[in-house]
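Chemist: Residues per chain are reported as follows:
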Amino acid sequence: MELICPAGTPASLEAAVEAGADAVYCGFRDETNARNFPGLNFSREELKKGIAFAHRHGVKVLVAINTFARAGSFGLWQAAIDAAAAAGADALILADLATLDYAARRHPAQRLHVSVQAGAANPDAIRFYAESFGARRVVLPRVLNVMEIASIARESACETEVFVFGGLCVMEEGRCSLSSYATGQSPNMNGVCSPASHVAYAERDGRITSTLGGFTINSFGKGEPAGYPTLCKGRFASPKSSGYLFEEPVSLDAAVMLPALREAGVTALKIEGRQRGRAYIAGVVRSFRGILAALDEGRQVQTPGLAAMAEGQASTVGAYRKGWR
Amino acid sequence: MPEAETTELRVMPPRLPSWLSRAVAPLPLAPLQPALALMLARIGRAHPELYDRLGEHAEKRFGIDPTDLPFAFVLEPRPARPLARAVRTLPGGLDASIHGPLAGLIGMAEGTLDGDALFFSRVLRVEGDVAASLALRNAIDDARIDFGKLLLGSFGPLGARLADAVRERMRALPVAGGSSWN
Amino acid sequence: MQLTLGPVLYHWQPERWRDFYFRIADEAPVDTVVVGEAVCSKRTPFKQDHIPAVVERLEAAGKRVLHASLILVSLPRERRQTRELMQAAEAEVEINDLTCLASLGERAFSVGPFVNVYNEAAAGFLAGRGASRICLPPELPLPAVTSIAAALPRVTIEVFAFGRLPLAISARCYHARAHKLSKDNCRFVCEQDPDGMPVATLDGAGFLSINGVQTLSHGCASLLGDIPALREAGVAALRLSPQDCDMVAVAGLFREVADGRLDAEEAECRLGAIYPDVPLANGFLHAVPGHQHVRKSV
Numbered sequence: 001m002e003l004i005c006p007a008g009t010p011a012s013l014e015a016a017v018e019a020g021a022d023a024v025y026c027g028f029r030d031e032t033n034a035r036n037f038p039g040l041n042f043s044r045e046e047l048k049k050g051i052a053f054a055h056r057h058g059v060k061v062l063v064a065i066n067t068f069a070r071a072g073s074f075g076l077w078q079a080a081i082d083a084a085a086a087a088g089a090d091a092l093i094l095a096d097l098a099t100l101d102y103a104a105r106r107h108p109a110q111r112l113h114v115s116v117q118a119g120a121a122n123p124d125a126i127r128f129y130a131e132s133f134g135a136r137r138v139v140l141p142r143v144l145n146v147m148e149i150a151s152i153a154r155e156s157a158c159e160t161e162v163f164v165f166g167g168l169c170v171m172e173e174g175r176c177s178l179s180s181y182a183t184g185q186s187p188n189m190n191g192v193c194s195p196a197s198h199v200a201y202a203e204r205d206g207r208i209t210s211t212l213g214g215f216t217i218n219s220f221g222k223g224e225p226a227g228y229p230t231l232c233k234g235r236f237a238s239p240k241s242s243g244y245l246f247e248e249p250v251s252l253d254a255a256v257m258l259p260a261l262r263e264a265g266v267t268a269l270k271i272e273g274r275q276r277g278r279a280y281i282a283g284v285v286r287s288f289r290g291i292l293a294a295l296d297e298g299r300q301v302q303t304p305g306l307a308a309m310a311e312g313q314a315s316t317v318g319a320y321r322k323g324w325r
Numbered sequence: 001m002p003e004a005e006t007t008e009l010r011v012m013p014p015r016l017p018s019w020l021s022r023a024v025a026p027l028p029l030a031p032l033q034p035a036l037a038l039m040l041a042r043i044g045r046a047h048p049e050l051y052d053r054l055g056e057h058a059e060k061r062f063g064i065d066p067t068d069l070p071f072a073f074v075l076e077p078r079p080a081r082p083l084a085r086a087v088r089t090l091p092g093g094l095d096a097s098i099h100g101p102l103a104g105l106i107g108m109a110e111g112t113l114d115g116d117a118l119f120f121s122r123v124l125r126v127e128g129d130v131a132a133s134l135a136l137r138n139a140i141d142d143a144r145i146d147f148g149k150l151l152l153g154s155f156g157p158l159g160a161r162l163a164d165a166v167r168e169r170m171r172a173l174p175v176a177g178g179s180s181w182n
Numbered sequence: 001m002q003l004t005l006g007p008v009l010y011h012w013q014p015e016r017w018r019d020f021y022f023r024i025a026d027e028a029p030v031d032t033v034v035v036g037e038a039v040c041s042k043r044t045p046f047k048q049d050h051i052p053a054v055v056e057r058l059e060a061a062g063k064r065v066l067h068a069s070l071i072l073v074s075l076p077r078e079r080r081q082t083r084e085l086m087q088a089a090e091a092e093v094e095i096n097d098l099t100c101l102a103s104l105g106e107r108a109f110s111v112g113p114f115v116n117v118y119n120e121a122a123a124g125f126l127a128g129r130g131a132s133r134i135c136l137p138p139e140l141p142l143p144a145v146t147s148i149a150a151a152l153p154r155v156t157i158e159v160f161a162f163g164r165l166p167l168a169i170s171a172r173c174y175h176a177r178a179h180k181l182s183k184d185n186c187r188f189v190c191e192q193d194p195d196g197m198p199v200a201t202l203d204g205a206g207f208l209s210i211n212g213v214q215t216l217s218h219g220c221a222s223l224l225g226d227i228p229a230l231r232e233a234g235v236a237a238l239r240l241s242p243q244d245c246d247m248v249a250v251a252g253l254f255r256e257v258a259d260g261r262l263d264a265e266e267a268e269c270r271l272g273a274i275y276p277d278v279p280l281a282n283g284f285l286h287a288v289p290g291h292q293h294v295r296k297s298v
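Chains as they are written, first to last, in the working numbering: chain A, 1 to 325; chain B, 1 to 182; chain C, 1 to 298.
FYI, nobody ran anything at the bench for these hints, they're computed from the structure. By construction, the Cβ of each residue, glycine as well, lies at the ideal position given by its N, Cα and C atoms. Do not take every clue at face value.
[To be verified] Every beta carbon over 10 angstroms from chain A, so not counted as near; a handful from chain C, in silico:
1) T44
2) E56
3) R79
4) E84
5) P153
6) R187
7) P289
[Said to hold, decoys possible] What follows is a list of derived Cβ distance ranges for each label pair:
8) P239(A) - R77(C): 46 to 56 angstroms
9) A293(A) - D146(B): 37 to 47 angstroms
10) Q48(C) - R106(A): 44 to 54 angstroms
11) G214(A) - Q13(C): 48 to 58 angstroms
12) P82(B) - H57(A): 43 to 53 angstroms
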């Protein structure tokens, strides 16, 4: 199985390559990619250099252009696709019908991956992308369990890639407007979820309260592990129960599921976190490289404690294990 | 319900010994100022890409507050006239401030500690403009600046004695993603 | 300006669901009615038996009837259900997921608000595949709506004009989770909340609404004040999403405002009486946070 690693900056790309990535994914510094965060991402020139560096080390670079093009401004997305293809990207990761259609027509030789943001959650949807655009790989939404992944991989018209570590969307990716309801900015349109520009923290007597767009998302007592105020991981109240109604502030860690995912016929494992620093990327990539090496050699898999890297300092195997739902 | 597992490894930077904080408290800040200015100018020259990453946030005023030191820093990255100065307490009117132990701040700036992990574990605290703080963190993370050398090196503004103490403490540190300090 | 009644997103008791549509057929001034279960495949069997009678009554009243597909298709039975719907010769379908395109063949179809149509190129792609009507995603701002409508003059462009805004879909059931049940053994607790389960922030502000695997807004969309601008933008239909209130009266208000017989401000006042205690929202159309209510015309 290939190890696909995030890079939000050239320094992170180098860190991922050095830590043992098979491929690194990254995006341009604008709203064409779904991690359009302040201070992050690549200029055209940085991408060219990054690809050259990765290729010298035998590592591939996948370019994520995975937001939905803004009506009337499709040129920005077309230019990003052209630039990534010209820079020698090994694959483009796309979500929008518009960008997939454009890339397939304009760059027929370019390898295309269907982004998780497209929400292709079953073999029929995957077949649609493979037949319509010649997509070679699909990144599966984080809503499936391992048995479903296995059945999809068996029947899939193209390769499958699944997330194994990092931020966890509990809603189906690409079809969530929670963020724009509170802040006006969404993953699909702006490449951001619960954007930092709309986050505020207030501390009183050791208790931190986080708000997003004026809505209180969470409150942490003294010493309690904190989470970023991502909407779906906040504490709320309903008549029936209160607390983490959608999900706790946890990260995905499917390290223990790797043998099952390999058995399921998954082609590639993806680590989330283009917004994280070099320390995270180097640590997580190295750790998963070690697990994969152990798997290949038939050794007992030791799963290292990466909990400290996780939101809320806790991790979950998410939907991979039945019962999550 | 998710099966949350508890922490197996904490990313806790050490705190400076309190005797050291007390020892440096009475020192005058004035001698620090030219050294800080020189340091900032050097960084700006060596890493022009830092400003591209900061974008609009380069014009903002940041407070950097090492909570185990008796003073803090005000940072204005502005490409035209960058400014860094040491203060006894952070002034009002800052756009954003980042609070945490000196070793944590340096570790994050050097890319040996993960900023998010420090935040999740409550070691680090951000006030004000979160987007500006993130931009600063990401820009510095990419620039790979050796802050240890710049700040704590024999000619750095914080001086050799402080440097030795920080280094000593950091040696024992379990750092995810590489435990080397230099 | 046409009016479309979207599918009932909530799990209403089967007889109540049936009677709702009977009354719509008899009394509501809407042109098109979308029927079927879009949210949760477990609810489908409850409606199945009543669909023929509902469709017959609606068509007899001169309404065009569309059959909604599921929003999220992952289980084998959901794939089967989707495929069967796409191949049912007599049904005109509204697709809510691109899964449908794999089995739709050459048939003309409508596109629901859950398919990501953010620009004229995506809309054009779907039109090329046979889409004749497209209800755009609720989060689209007016300039995007305008660009899409201008590029596709032959496609009926619709916007989400009334009802709690559908914001997210998940494989996980939040109703079951709140009741400490598993999704597989959910006991259909969502039936207890015919207008969704309210979700408030820790300081008590209304925020969201849970409908099984779906999350909706607390605020209720109202584009009553934006109808002239929408018409100008080339929008041909307004979607009214059923809430637990008098939807015949809601449709009547939209009809009167669209026909210039009632002032929008007065209509929103009356809407507050028909569907009380729910803040109105049109922020998405105005490119501000979706929960906001912008009174000035776009």
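Chemist: With reference to the structure, classify each hint as holding or not holding.
Modeler: Hint by hint, here is what the structure shows:
| no. | hint | verdict |
| --- | --- | --- |
| 1 | T44 | holds, 16 angstroms |
| 2 | E56 | holds, 30 angstroms |
| 3 | R79 | violated, 5 angstroms |
| 4 | E84 | holds, 12 angstroms |
| 5 | P153 | holds, 15 angstroms |
| 6 | R187 | holds, 13 angstroms |
| 7 | P289 | violated, 4 angstroms |
| 8 | P239(A) - R77(C): 46 to 56 angstroms | violated, 31 angstroms |
| 9 | A293(A) - D146(B): 37 to 47 angstroms | violated, 31 angstroms |
| 10 | Q48(C) - R106(A): 44 to 54 angstroms | holds, 45 angstroms |
| 11 | G214(A) - Q13(C): 48 to 58 angstroms | violated, 37 angstroms |
| 12 | P82(B) - H57(A): 43 to 53 angstroms | violated, 35 angstroms |
The structure fails to meet hints 3, 7, 8, 9, 11, 12 from the earlier list, while all remaining hints are met.
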